[in-house]
Every structure is written in structure tokens, then in C-alpha cells.
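Chain by chain, the residues run as shown.
Number of protein chains: 2
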Amino acid sequence: MSPSTSPSSPWHMAQRAARLNPSVIREILKLTELPGVLSLAGGLPAADTFPVEAMREATARVLTEQPQAALQYAASEGYGPLREWVAERLREQGMTHVKAEQVLMTTGSQQGLDLIAKVMVDAGAPVAVETPTYLGALQAFTPFEPIFAGVASDGQGALPEAIARLPHDAPGTRFMYVLPNFQNPTGRVMPEARRQAVVKAAQTAGIPLVEDNPYGDLWFDEAPPAPLAARWAEGVAYLGSFSKVLAPGLRLGYVVAPPALAPKLLQAKQAADLHTPGFNQRIVYEVVKDGFLERHIPTIRAQYKAQRDVMAEALREAMPAGTEWTQPEGGMFFWLRLPAGCRAMDLLPKAVAAGVAFVPGEPFYAHQPDPRTLRLSFVTLRPDEIRQAVAALGRVVHQALEDTLQAGTP
Amino acid sequence: MSPSTSPSSPWHMAQRAARLNPSVIREILKLTELPGVLSLAGGLPAADTFPVEAMREATARVLTEQPQAALQYAASEGYGPLREWVAERLREQGMTHVKAEQVLMTTGSQQGLDLIAKVMVDAGAPVAVETPTYLGALQAFTPFEPIFAGVASDGQGALPEAIARLPHDAPGTRFMYVLPNFQNPTGRVMPEARRQAVVKAAQTAGIPLVEDNPYGDLWFDEAPPAPLAARWAEGVAYLGSFSKVLAPGLRLGYVVAPPALAPKLLQAKQAADLHTPGFNQRIVYEVVKDGFLERHIPTIRAQYKAQRDVMAEALREAMPAGTEWTQPEGGMFFWLRLPAGCRAMDLLPKAVAAGVAFVPGEPFYAHQPDPRTLRLSFVTLRPDEIRQAVAALGRVVHQALEDTLQAGTP
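As given, the protein sequences belong to chains B and R, one line each in that order. The first sequence begins at 1 in UniProt numbering and counts up by one. The second sequence begins at 1 in UniProt numbering and counts up by one.
Note that these hints are calculated values from the structure, not bench results. Careful: at least some of the hints might be erroneous.
You can't tell identical chains apart in this list, so a pair holds if it fits in one copy or across any two.
[What the hints assert, rightly or not] The list that follows gives simulated cross-link-like pairs (lysine-lysine, DSS-like), each with its CA atoms no further than 27 angstroms apart:
#1 Lys-289 <-> Lys-30
#2 Lys-305 <-> Lys-200
#3 Lys-99 <-> Lys-30
#4 Lys-200 <-> Lys-289
#5 Lys-350 <-> Lys-99
#6 Lys-305 <-> Lys-350
Everything numeric in this text was worked out from a predicted model, so none of it was measured.
Using the sequences and the accompanying hints, generate a full structural model.
And the structure:
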């Protein structure tokens, strides 16, 4: 019985509440807490990359030099010096137009997705997403009841000709959400020519872009091309995060919004939680202000690249013929397509029973999921654990294929 | 020109965005940053009550004993031991039914208001609020486009007979928002008999209650009666906060939701920001776990009571005849009603020019504001500053009355 119709409950929920459902990822993260399960599922950064000593020093400085300001209510926009630092860093990365006033500090970049949807999405309005796309973005947008338009995508990201086919008569598609660097879940990178074509198609269609870039710093051999936001200042809202280069438990991200959007986002931010913890913002500023990330990020890259190589080798050894993947050039994930006849969702309980967890690909699709897909994180476990986990997964897939063959035998 | 119709902008905003407007409180907080302005405006706790030394020790412990867990992604529900601690404390305060599983940690209790509205409010649905009510709650609910129903209130809070008149045929009024202890902005406390009558009226009408209790610990002579949530477990969602008893810059609050509501709130929380910073939750748990608040809160009470007395005396000396107020028995605010002919909004720029800031009462009303009202915080400034600020305000009001008289003279 739904809570909203229970005779004993006075709570009559909003229509949107029916769209909120238990998250597959949450349920899977619970599985990974079972003893003896090696998890390739969660997108958890390697905890040994967290700069604990730098955090300790920065925290002590904040609580010695500015304790009362750090612990008091603060401006909804965020901590001024950190906003300046973010703007300067983005200007260096090609977004030459960015001013500190456009930087809104958020409680993780996930909150940026919530605020953008709150300001932009009416019930029934089209919102475009890549195929597949980040599950957490679908979850953030869903409460505002959009109609998702899946944009056909290939190994380089969204197809420009598919953007041209999106609803674009005003108000049309409210925005297209795009993750150009080491996409979650596929790991793919949008190359320079595709970036140009995507921006041009979006401009022609009058569809603004929401560009999410949590993984851009995690490249292994070559930095990705400049952000889409560097090419269309007034048409792209850009989201960044400290979760993957410092630590996710601080919950610190930011949105850089064009002037047409920024004031409304700020008001939505204030209504949502007044402001992101000033304590955390000041600690992070103390950590990063003197070039710490320029020394720290290369160590993360080296570690993740080595783990990527370990997983690549383990996959080649363990997975049956017909399994497809592309080696990621950065980020945190391998995206696999299992041989015909396999359903990743059906394999998950068997894999957990065999001591390994992954995320099935289905929830990453707005429509028509490919049931053969799944996502593996190569950054959470140590190399020996990665080898062990992938070997176990390989055995589960081989067994499933054999079972399928036997079931097909008269 | 509205951003949504600007020909140069591709951003076509949601209808709700038109309801988001620059916050009066935000704009006023900016005024208070002007040099030479003594601010009685913001609801800022006295910064010298922040337990910096305890925070420093707790932070060092967290970063020594559990750094990786504190800095990693965490469960959307919140940190288990802190949820247990909150549940235990609420059981001691009369909410004997509360289980830790019902406690959802939020990014300040402001986020609890946002999540409840997200789950409960359809566009056009009635939401009831006291008259006047907390401005930040109006701001949190507004993006979900409710129709506000103002419940007539007196010095003891909402009138039960007004609750009976609210729309209550299903789905009817989605909830009534109520702040029974030292209400923001009026400072009033709901006495025991009124609590019983309000809960009975809400039960009869089938209207659930959202009970906000940020100030309940800040009583001066006598603890307030048990929460409404202690009287109607399945019909009251209860919000609490560490902002007024520890420090607001941590952004840490919680919602205790009845089982009918809790799962949807959790899903909305995950969509909004994944989880509240685990770092902050573990620090606060380290601070409070061994009875720190039992020693700390009495010192806040003593300090605020002394400041309340200073402001009461200063008001008696400075304000012209015909100014009305009730002495608050706790919390942070005096609520004044100026003599006939005065408009608080018109006085604000004159007051700021004279070196003192306050919050006009108008934005605290969902409908039909009383333009003669204003709110003064007695906790932010030191006693000598309070005397100076109230004296300056008194001169501004006297001058305004004289100007009104002269304007009325032929």
C-alpha cells in the first residue's frame, strides 16, 4: 500500500514522490559492505590518495587563525578566496571568461545538478542526456519530472545530428547534460572535433549545455581538450568538484553559471541549505591555495593508471570471448558489454555470491537500456584485489554462458 | 527583461524560477557588512560561544583515528553513531518512539525543509504556516509552488480553531509548518495546553505537522514543554539542528520522519547532494558523544539571558510610547511592533544610515504583512553594542514619528 493512500497516515505526497525510487547504486553499496565482497561497484576514489596530512595542517590553521568566521553562518555564494581560486584555475584551463562572481560553491557537484534542475525544469519539459549517462544526474533531475530525451551517442560521446533532432522550439529542450571527460559510466572522452560539433549543434538548436567535469584532472597520458564551456560562455553551465582530487567526504563542488542563470541558481541554493559549510570551504582553500594540487594530482594519476593497467590485463585473461570494452584513458571506470545472452542484472547476485560486486549498466540509461552492459571501478581496490575480483567475475560470466548454452540444448 | 525571454540567452527557465527572488535577509546581511553598522538583523549565534577548543580536539581525533572513512563517500542517511546519539537525546526529551533509523542527517535543518517540500508539495497544493513564520521556511517551500495558508496566531502560536478551517479533504493541506519554541521571528513559546489543542486539531483535520526546533535548548528559566512530535508520532516530522548549540558553519541538522515519510525523504536527500559531509558528522559526534552539550549549553543560556536583559532595558529606555513587544523567554529574538504610522521597511535605510540594522517583519508573513513589525537579534552583539544599537534605533523611530506628525500638520 502506498503511504499516500494509507488510511492511518496523514501524509499525502507530491506526485513527484512516486518517481523517487530506491537507488540501485545505494542498494549495491550496501552489498559491498558485506564481509568478503570485493567491490568494483562504487565510484569511490582510492582512500589512500586522500591528503590526510595536508588536511590536518589546513584544519589546524583554520581553527587557529579564523575559527569564529569558519564556524559562523556565511554567504550563500561561498567563500570568496576559494571562488577566486576556482575562477583562476578554470581560466588557466581555457574558460577565459570566468569571473569569481559566477562561481557558486555547492555541497558536492551533485547539488549543482539538483539546483540546475530546480531552476530549469518544469514537469513535462524535455531534458536531453547522453546514452548512457551518469545515474546520479538522472536521479537529481527526476524529482522535477522532466521527459528525458536520450541523445544517441558513440565512443566519442553525443552525436551532433542527434542533438539537431531534439525538441528545440522555445521553450523546447531545457538543457542537454553532458560529461565530456572520462564519462561515468563509459569512461569515454569527447575528442576536440566532436566538442566543436556538439557545441555548434547545440548553439544552432538553441539548447544550453550542462557540462559536468568531475574526472577531467584524472587523465593518464594526455590532458583532454578544453571544456565545452570554453567555447560557448553564455550557453554552458559548468560543474566541478573537489571529490576526486582531494576527498569526497568534504562534499565540495561548484557551478559556474552564465550571467542569465547565476542569480536564480544562487536563490535556489539559499533556499536549499543556506550555504555549503564554510568550515570545509576554508579548509580546502588552505590546502589548495599554494599549488598543492599541482603536486598531488600527478600522484593520483600515476596510481590510477597503474590500476587501470592491472584491470586491463586481468580482463583480457578472465573474460570470455565476445566481451567488449575500450581501455579508458583516464577517470575511474571500465565499461563492459558482455557476450550475447548475458544480462548483467541477473549476474549481479551470482557475482556477489562469488565475492565480487559491480554496477549493472541498465540504470545509466534514460530509455532502452542495454542489459549486457556493466561498470567496473578500477580505482577503489588495490591491484591484487583487482586481479582477484576480475578473475572471480570472469568465472561467473563463463558459468552463465555455459548455463545459457545448456538451457538452449534440447 | 526576464532572462527566460532574452533573445540572446538559450536558458528558458522553469515557471518556479519566477517565484525565486532575491532574499531580503541576504540583502540585509550584506548591509551588516558595511563598516560602522551594528547589526541586530541576522540570526547569527554569538561567535564567542563556538567551542573552538573542543572542535580542534575532535577534528584532530577524527583525522588521526579515522581519516579515510571521514573523507570518503558515505551513506545518504548519515553517520550511524551520530544518528544513534540524536535518537537517544530525543527519546530523553519525550519523543520516546524515535529510532535511529528514522534520523536523516541533513546539510543544516534548512535542507530538511527543502526535502520535505520536495516530497510533499505539488504546485497549487495548500501548505499552512503560522502568522508570522520563519522566512527561510517560506523560501524553502516556495520553489515547489504551494499556495500558502496563513494560520491565525496569537502570543501562544497557531490558533486551533484556525487549523480546523484549513483545507483538509484529501489531499488537502499537505502539512502545517510550526515552530513551537522561541519562534523565529516572534520569540513566542507554545504552552502545554496550546500544544495539546494544536495537535488535536491537526489530527482531527488529518493535517500532518512539520515541527522545527532549532531554538528549544536556548531556554532561560524553564525548559519548554515536550515537542509536538512526542504527542503524534506518525503525524509529525521533526527538524533539529546543531547550528545554535555548536556552530552553524558546520551545516549540520537532522529530520526525524515518521515511517510513512522517511524512505522518500532519504531518496530525495540522495538526489539532492548524496550525503551531508561525513567529515563534519564525525567531528560533531566526537564533540558531543561524552556529554559535552550538557556542560556547554548552560553557558550559552546564561550569556543569551544576560544579553536579553540588556536589550530589554535598552528598549524600555529608547523606544517611544506605543511600541509593543513581549520579553522572550529564550531563543534569539525580540519582535517589536512600532507605533501607528511607522513602517519598518521605510525605517531600515534610515537605521542603517544611523549605524544599526534590523529585519523588517514583512517578509515573515505569507499574506497580509503587518508593516509595523520588526525583528531584533539579541545574541549577535556584545552588551555595550546592543545598548548603542538600540539607542540609535530609538532615535530613528522617534525621528520618524516626528516627521509623520509634521507631515500630518497642515
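Identical-chain pair category, Lys-305 with Lys-350, by Cα at 27 angstroms: So Lys-305 and Lys-350 fail the 27 angstroms test inside a copy (29 angstroms) and across (63 angstroms) alike.
Homomeric proximity label, Lys-289 with Lys-30: Cα distance no greater than 27 angstroms: between (36 angstroms within a copy, 26 angstroms between copies)
Alpha-carbon proximity between Lys-200 and Lys-289, which holds within one copy, between copies, both or neither at 27 angstroms: neither (36 angstroms within a copy, 57 angstroms between copies)
Intra- versus inter-copy proximity for Lys-30 and Lys-99 (alpha-carbon distance at most 27 angstroms): between (41 angstroms within a copy, 20 angstroms between copies)
Status of Lys-99 relative to Lys-350 across identical chains (alpha carbons, at most 27 angstroms): neither (51 angstroms within a copy, 34 angstroms between copies)
Same-copy or cross-copy closeness of Lys-305 to Lys-200 [CA-CA at most 27 angstroms]: Answer is neither: 33 angstroms inside a copy and 63 angstroms across each miss the 27 angstroms cutoff.
When each numbered hint is compared with the structure, violations occur for hints 2, 4, 5, 6.
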